[in-house]
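Participant: Sequence:
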Amino acid sequence: MISINQTFDSGNIEVLDASDASAIQLQIRTDTRAEFFQWFHFRVSGARDTALSMTINNASKAAFTGGWEGYEALASYDQQEWFRVPTDYKDGQLVITHEPECDSTYYAYFAPYSLQRHQELVSQMQCDNLCNLEVVGQSLQGRDLDLLRIGDDDGTKKRVWVIARQHPGESMAEWFTEGLLLRLLDRDDALVEKMLSTMVFYVVPNMNPDGSTLGNLRTNAAGVNLNRVWGKADTDTCPEVFYVQQKIEATGCDLFLDIHGDETLPWNFIAGQKGLPVDETILQQEADFQTVYEQINPDFQREHGYPAKKFGGESLTLASNWVGNRFGIASMTLEMPFKDNASRPDPVCGWSAERSSQLGASILYPIAKHFETSV
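Residues in the sequence shown are numbered from 0 upward in steps of one, following numbering that gives the first Met the number 0.
Rather than coming from a laboratory, the hints here were simulated on the basis of the structure.
The hints are all genuine.
Derived pair list, reagent style DSSO-like, types lysine-lysine, alpha-carbon separation capped at 30 Å:
#1 Lys246 / Lys193
#2 Lys156 / Lys231
#3 Lys368 / Lys157
#4 Lys89 / Lys309
#5 Lys309 / Lys231
#6 Lys309 / Lys368
#7 Lys273 / Lys246
#8 Lys273 / Lys368
#9 Lys246 / Lys368
#10 Lys309 / Lys273
#11 Lys157 / Lys273
#12 Lys157 / Lys193
#13 Lys157 / Lys231
With the sequences and hints as input, model every part of the structure.
Facilitator: Set out below in structure tokens:
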């Protein structure tokens, strides 16, 4: 008998009818106290060697319907290796087909990054004498907001802030920070050694632990989109931003990066402050940063991305724009795809957790170059 379950960390699906393996009917539930939805994560058991056809009926009402075009869902037997399975968006429905080779299979919008893995990473990091762990506050549901500082802040070093996963369904963002953090603790990495002599890194791997655990796409437990409240955050509805923003104010910031995923565009790209009233020197620094990134990692590109002024009147409530405006610095949002990377497609895995981590590790090159050339 086939069983479908989503009662676990980041689980999200509602079962309408699972009586026929060839015509399973599902729908994605909305974010907590919000209307957004697109993230799904569920387990199918008892379906070994059974041809499954799983239809997500409300796909046409998802937050980003353009995200379904050319998209393939991810599957895993062991929750370690994730691979793409045939997926078709037609007549407003997303149809996932797969014949599992094992008794239990997990399906997800992207490779999940669990709260347990987050806790294990933070525990591992804080045992290194290069790393300091600080809990800057708690989320609405009482989960810790972990801040990792890599290197000593002696008051003379450049401060690099990296935050990730304001939108909880964008799990690739935390995979990215894992790659960055692990490289920063590599004692055999000559570039890291040089950088930490003049820089200190402040990293928040998960800005939205409630939303991540609840299986939300874009909001926290109060239904708030954290990347629209910078400069006006409060402790009643968005303490996650309030406490992190407070810490940035206290330490200062010389370069800021906010890590995300984009549902629709099949590329890795950066959205800077172009289109805002920003000094041309800063805009050139952001452009140079992207040029170096593209040269060092072909998974990153500059041709495709957001148009300037995409966010209109909301612009200064986005993290990177608020920080850039507050400190007068280069401040950027990095986006990765839920789909495959059209620049370097992988028919088996598409854009993956592993490639997200590698992209995170390689961002040290443009960061290093940025401080060599900027005044």
